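Take the given structure of chain A and dock chain P to it, following the hints.
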Amino acid sequence: MTFVSTRVPQLRPAGTVPVGPPRPGLGRRLATRLGGITTQVVVMAVTAVWVFPTLGLAVASLRSATDNSASGWWTALAEPRQLTFENYLALLDNETILRSLWNTVLITVPATALVVAIGAFAGYALAWLDFPGRDWLFVVLVALIVVPVQVAILPNARLFGLLGIYGNVAGVIAFHVAFGLPLAVFLLRNFFRTLPRELLEAARLDGGSELAVFGRVVLPLSGPALASLAIFQFLWVWNDLLVALVFATSENAPITYALRGQMRAFSSNIDVIGPGAFLSMTVPLLVFFAFQRYFVHGVLAGSTK
Amino acid sequence: MSPARRHRWTAAAFLAPALLVLCTLVAYPIGYTVWLSLHSPDGSRFVGVANYVEMFTAPDTRRALTNNAIWVVVAPTVVTVLGLMFAVLTERVRLVNAFRLALFMPMAISFLAAGVTFRLVYDEDPNRGMLNAAIVAVHDSFSPPSPYPGATVREGSGLVASDDGTITTGVPVTAGEPASLPLVGLPVDALPAAAEPARPPAAGPGIRGVVWRDFLRGGAGRAGLVDPGELGLPGVVVQVVRSGEVVAETRTDASGQFAVPELAGGGYSVRLAAGNFTEPFRGLTWLGPGLVTPAIIGSYIWVWAGFAMVVISAGLASIPREAVESARVDGATEWQVLRLVTIPLVRPVTVVVAVTLGINVLKIFDLVLVLAPEPAQAEANVLGLEQYHASFTQLNAGLGSALAVLLFTLVLPGMAWRARVLRRHQVVP
Chain A
476 MTFVSTRVPQ LRPAGTVPVG PPRPGLGRRL ATRLGGITTQ VVVMAVTAVW
526 VFPTLGLAVA SLRSATDNSA SGWWTALAEP RQLTFENYLA LLDNETILRS
576 LWNTVLITVP ATALVVAIGA FAGYALAWLD FPGRDWLFVV LVALIVVPVQ
626 VAILPNARLF GLLGIYGNVA GVIAFHVAFG LPLAVFLLRN FFRTLPRELL
676 EAARLDGGSE LAVFGRVVLP LSGPALASLA IFQFLWVWND LLVALVFATS
726 ENAPITYALR GQMRAFSSNI DVIGPGAFLS MTVPLLVFFA FQRYFVHGVL
776 AGSTK
Chain P
86 MSPARRHRWT AAAFLAPALL VLCTLVAYPI GYTVWLSLHS PDGSRFVGVA
136 NYVEMFTAPD TRRALTNNAI WVVVAPTVVT VLGLMFAVLT ERVRLVNAFR
186 LALFMPMAIS FLAAGVTFRL VYDEDPNRGM LNAAIVAVHD SFSPPSPYPG
236 ATVREGSGLV ASDDGTITTG VPVTAGEPAS LPLVGLPVDA LPAAAEPARP
286 PAAGPGIRGV VWRDFLRGGA GRAGLVDPGE LGLPGVVVQV VRSGEVVAET
336 RTDASGQFAV PELAGGGYSV RLAAGNFTEP FRGLTWLGPG LVTPAIIGSY
386 IWVWAGFAMV VISAGLASIP REAVESARVD GATEWQVLRL VTIPLVRPVT
436 VVVAVTLGIN VLKIFDLVLV LAPEPAQAEA NVLGLEQYHA SFTQLNAGLG
486 SALAVLLFTL VLPGMAWRAR VLRRHQVVP
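Note that the protein sequences, when read in sequence, are chains A and P. Everything in the first sequence is counted per this note's numbering, starting at 476 for the first residue and increasing by one. Everything in the second sequence is counted per this note's numbering, starting at 86 for the first residue and increasing by one.
These are calculated hints, taken from the structure and not from any lab test. Just to be clear, a hint being listed does not mean it is correct.
Stated by the list, open to error - Okay, the calculated beta carbon distance ranges per label pair: (1) A:580 / P:209: 20 to 26 Å; (2) P:154 / A:684: 50 to 56 Å; (3) P:418 / A:569: 56 to 62 Å; (4) A:550 / P:129: 55 to 61 Å; (5) P:235 / A:764: 35 to 41 Å; (6) P:241 / A:554: 43 to 49 Å; (7) P:429 / A:668: 31 to 37 Å; (8) A:569 / P:166: 39 to 45 Å; (9) P:432 / A:580: 25 to 31 Å.
Claimed, not checked - Which chain A residues stay away from chain P? Per the calculated CB distances, all over 12 Å, these: (10) 555; (11) 556; (12) 564; (13) 568; (14) 569; (15) 633; (16) 639; (17) 670; (18) 685; (19) 725; (20) 726; (21) 727; (22) 741.
Here the structure is a predicted model, which means the values were calculated and not measured. Glycine is no exception: its CB is placed at the ideal position from the N, C-alpha and C atoms.
Chain A on its own, in the form it takes in the complex:
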């Protein structure tokens, strides 16, 4: 599923002329035309409804707290003098926000890399290695995809306490890896299965170990699947709030946690929350615009979580 048009041109024998429906009467054509205009208007209105909230946040983040409490963001469109980078400059001096942004990176990158790596090994075993109970094991792993994180947070909080990683970045990462794995295994196993069997058999006959087949044949062919999975997992972890609230202390907390702490006094902290929230959105939005195709694949595949 991509944003590229999915229309397939109709095939017809050479030398024939397409026979369409008879040309509709004037009244009908006019109705279609008007319908077309209405449709365009509806589409534009819907687009506006969907764009304005984000636009509003972006503009609000560029206005002073005083301006924001006095009037709506749209007044800045008529009065561009209101726009200022002050809030963002102030954010550069805000240690809590800067550290939490850095923590977000520290949590997201390993949690993504580990899920892709561990998931790829397991996916390969389930796709191309024979062992008893393989299909059964796969079904169990698939079932784990929808398990709500709530059902595991209390025990894991205690377990991490015993292991000494409660409150650390490590604990947050471990939890995200655990709950990212079922989907990773599901996606990768299914993708690996689509690779031609002959390719693997040939590599095996050449004397390659399974590790070599996996690393030299399967992985290089699986770029799109790995990318989709990585993007989904990246967004999932980057955007998470619940796991961070439970498993991170404030000095190890990601940006979502830090901003949530500011929300109690929303109006007076809008000069921190606005730019902070917008900064936290920029990375996912960049990923979205840069890797649209994989992004859509990943999000659709991961929507069951």
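Structure of chain P alone, referenced to chain A:
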């Protein structure tokens, strides 16, 4: 070693990290949570199903259950229907990509960011909140706001302010004797720019008088009399009433004067209509009692409609063109084609979307936590939020775990249904 045996050992090695993580951090905790849910808050005593009983009887959790039920019914339905509409729309417009991008973009951002975004949208003050600003603009274009909200009578002026919002002269008015209607309580700069200095009412035929702001800065001026510098109130709707019947209606001019020359005799009263003084419409309290859950569901719809649209679009694209074309050749209108051909063919996809969203909605947490202001949190409560508070605010591991088990149980039917669909499509063995 035979290939089969070799495979087993390799498989064990390849699967080991995943299985280790999943067993310790997912499987074992599920069991532990079930155990905790049957024990007292500190885990010391077995209490049977007491936590489950509390879950279904305590007001907080019942509120959460009710709200979750609302969420599960409303959100997936609305998102799926909108997704279907948008998917059909994108079949027939230019600039499809811009439209799809705009709708799908919210999927990239966190519920926290969405929550912050919608705090701004839902701000109660129509000067700041986009939604209320829009509603007030539409409302005022149909019924213009009253010119003098909050105006009241000056005590001792002889005017009577009624509960229905009208202001009436206390003593009967006779033709030829001008009436004075002094008002106060208007902000200093609240008068229309057209307002001119009031003149004392001049004698003349009919019912006449003046409505003015009986107030001068600094408290100068005499009560009930038109002083130099006091402004008339233009555009006030004035009704002349006799024995309960409105016999004439007029408006004041720029200096606050009104006159109905054709009336004669006495026993009239002059009434200023309530519409002159009603408070302006300020929109709705979106994040307050009554509306907070629908408002949060609204922001959820904003996040997920793009998802539904993209999935259903793909479903539409796979509909055989001949089915649609032949219906058109048979003379079906576009609407009939949509209702009788397209929608039935795309129904399986919409069901998948709705169930997926249903599972997702059950676990909703961040959006409610972030978007509902502190005073409205209890009213907006959902299972995910209550589970978090029970576990980490009230430190009641028993109740928290019972709620987690409930969430898990509620997700199971959706999971089983999905497994069946996947199996049918041979995605899983």
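Evaluation of the provided hints:
1. The hint said 20 to 26 Å for the Cβ distance between residue 580 of chain A and residue 209 of chain P, and at roughly 36 Å that hint is violated.
2. In this structure, residue 154 of chain P and residue 684 of chain A meet the distance hint of 50 to 56 Å, their C-beta atoms being roughly 55 Å apart.
3. Against the hinted window of 56 to 62 Å, the Cβ-Cβ separation of residue 418 of chain P and residue 569 of chain A comes to about 60 Å, which satisfies the hint.
4. At roughly 60 Å, the beta-carbon separation of residue 550 of chain A and residue 129 of chain P lies within the given 55 to 61 Å, and the hint holds.
5. Checked against the given bound of 35 to 41 Å, the beta carbons of residue 235 of chain P and residue 764 of chain A, roughly 50 Å apart, lie outside it.
6. In this structure the hint that residue 241 of chain P and residue 554 of chain A lie 43 to 49 Å apart at CB holds, the actual value being about 46 Å.
7. For the pair residue 429 of chain P and residue 668 of chain A, the supplied restraint of 31 to 37 Å holds, since their beta-carbon distance comes to about 32 Å.
8. Distance hint check for residue 569 of chain A and residue 166 of chain P: the Cβ-Cβ separation is about 43 Å, which falls inside the suggested range of 39 to 45 Å.
9. In this structure the hint that residue 432 of chain P and residue 580 of chain A lie 25 to 31 Å apart at CB is violated, the actual value being about 43 Å.
10. Listed as a non-interface residue, residue 555 of chain A keeps its Cβ farther than 12 Å from every Cβ of chain P; the least gap is roughly 18 Å.
11. Under the 12 Å C-beta cut-off, the non-interface status given to residue 556 of chain A relative to chain P holds; the minimum distance is some 18 Å.
12. For residue 564 of chain A, the non-interface assignment is confirmed: its Cβ lies about 20 Å from the closest Cβ of chain P, beyond the 12 Å cut-off.
13. Residue placement check: residue 568 of chain A keeps its beta carbon more than 12 Å from all beta carbons of chain P (closest about 21 Å).
14. Residue placement check: residue 569 of chain A keeps its beta carbon more than 12 Å from all beta carbons of chain P (closest about 16 Å).
15. The non-interface label for residue 633 of chain A is inconsistent with chain P: the shortest C-beta to C-beta separation is roughly 8 Å, within 12 Å.
16. Its beta-carbon lying about 15 Å from the closest one in chain P, residue 639 of chain A satisfies the requirement of being farther than 12 Å from that chain.
17. No Cβ of chain P comes within 12 Å of the Cβ of residue 670 of chain A; the nearest lies about 16 Å off, and the non-interface call holds.
18. For residue 685 of chain A, the non-interface assignment is contradicted: its Cβ lies about 4 Å from the closest Cβ of chain P, within the 12 Å cut-off.
19. At roughly 14 Å, the least C-beta separation between residue 725 of chain A and chain P is larger than 12 Å, which holds for a residue marked as non-interface.
20. With a least CB separation of 18 Å from chain P, residue 726 of chain A remains clear of the 12 Å interface cut-off, as annotated.
21. Non-interface call for residue 727 of chain A relative to chain P: holds, since the shortest CB-CB distance, roughly 16 Å, exceeds 12 Å.
22. The beta carbon of residue 741 of chain A sits about 6 Å from the closest Cβ of chain P, which is not more than 12 Å, so the claim that it is off the interface is violated.
Taken one by one, the earlier hints fail for this structure at numbers 1, 5, 9, 15, 18, 22, listed in ascending order.
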